[in-house]
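Colleague: Sequence:
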Amino acid sequence: MAAMPVGTITFLFTDIEGSTRLWDLAPVAMQTALARHDFLMRTAIEANDGYVFKTVGDAFCAAFHTAGDALRAAVLSQQTLQTEVWETPEPIQVRMALHTGTAEIRDNDYFGPPLNRVSRLLATGHGGQVLLSLPAQELVRDMLPEDVSLRGMGLHRLKDLVRPETVYQLCHPRLADTFAPLRSLDNPELPNNLPQQTTSFIGRDKQIEDIKTLLGNVRLLTLTGAGGCGKTRLSLQVAADLLDTFPDGVWFVELAPLSDPELVSQTAASVLGIKQAPGNTMLKSLADALKSKQLLILLDNCEHVLDASARLAEALLKNCPHVRLVASSREGLNIPGETTYRVPSLSLPDPKTAQTIASVSSYEAVQLFLERALASRPDFAVTTANAPAIAQLCTRLDGIPLAIELAAARVNSLSVEEISQRLDQRFRLLT
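Residues in the sequence shown are numbered from 101 upward in steps of one, following the working numbering.
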């Protein structure tokens, strides 16, 4: 088995398209097929010096010392998978994605933005397709194996909501070549107006799954919590993950700029492209227009127009049976049918036991601090010397994302210890 790659790593992520449906149709055949799939995947990866660091269900996560090895593993595995005779009702179709970056190693696993990026790239693909990010493409373009070429697919916004990615498709004469459009945020079949974010999303895996589960059972979910706790970003990430669920789209209605409550319905109508019908109020026009639509609406920052937001939500709940809403507010809307979900702080280390890099690195608050600190000072790192101070700093900031981000921006002029020591003057320091 290859050694666990370190430094600059190329990740290969794969999964079987439509596996849930195949399990429902033919569970016995799928059990046999999955075992064969796993053997073929692992054989191709290990034959090219790859390291399988995680498998989840039918998904493989592998790391490679070089992008060339990862590419060859993808080609070999797709060739064997696509020529295999499967006993399932439909052939096993595996989508794959490659991305290159640096990641933290902890407990024989990898952590960091590149893992999120390759996962989001994989989500845009189709069974039988191999996609590469720009960083991976740049490393292999001058040493492609015989008969392999890369087709530019253009810029695509991924579901992590950060910068668009230039995506490439691997092409080979013996592999499938024609696919439906990528399932990125730019796909017209996934209508949305989700705004691009300037920074990556850290952690919150449990909260995302909790909220998605709740939305399967309730039609109005209000995320509550103090300002800066991450309600907006969490709602956006959930919405991005659920794009495939709503045929008529996912729509973000930003209420923070509004000072007039009468503009709430008008703002929502503008986002949704709905005009006021003659003789009707805007609220009635909205409800009529959305009566048969299947969509998700995010009502963001409701607290300063709470009553108007509640009236809008109540009208949609009563008249639009397939519309679901996620509101973010410092307090609930207090209407029938509402479920509230309090957004917790990021996970925190115990300052009393946080004395080593390993003892702090697994916590979301520390991960957020590190990533934002790197943006301010690229040579910043968590060390044995500063780990206790980072733990103390994040704890004193109560794991609030906004406060942690503001503190992290100061590492270009202050040490972590100095920032932590000065938190008694936090409001002067962080503003």
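Errors might be hidden in some of the hints.
[As the list claims (entries may be wrong)] Pair ranges (Cβ atoms, derived):
#, residue 1, residue 2, range
1, PRO264, GLY118, 25 to 33 Å
2, ARG430, ALA147, 50 to 58 Å
3, ALA126, VAL156, 18 to 26 Å
4, PRO264, SER370, 18 to 26 Å
5, LEU514, LEU255, 31 to 39 Å
6, THR345, ARG206, 43 to 51 Å
7, THR108, ARG430, 40 to 48 Å
8, GLY373, THR155, 41 to 49 Å
9, ALA377, ARG241, 33 to 41 Å
10, ALA126, ALA475, 42 to 50 Å
No lab work stands behind these hints: they were computed from the structure.
Values in this document were obtained by computation on a predicted structure and should not be read as measured data.
In this text, a Cβ means the ideal position worked out from N, Cα and C, and glycines have one as well.
Colleague: Provide an ascending list of the numbers of those earlier hints which the structure does not satisfy.
Modeller: 6 and 9
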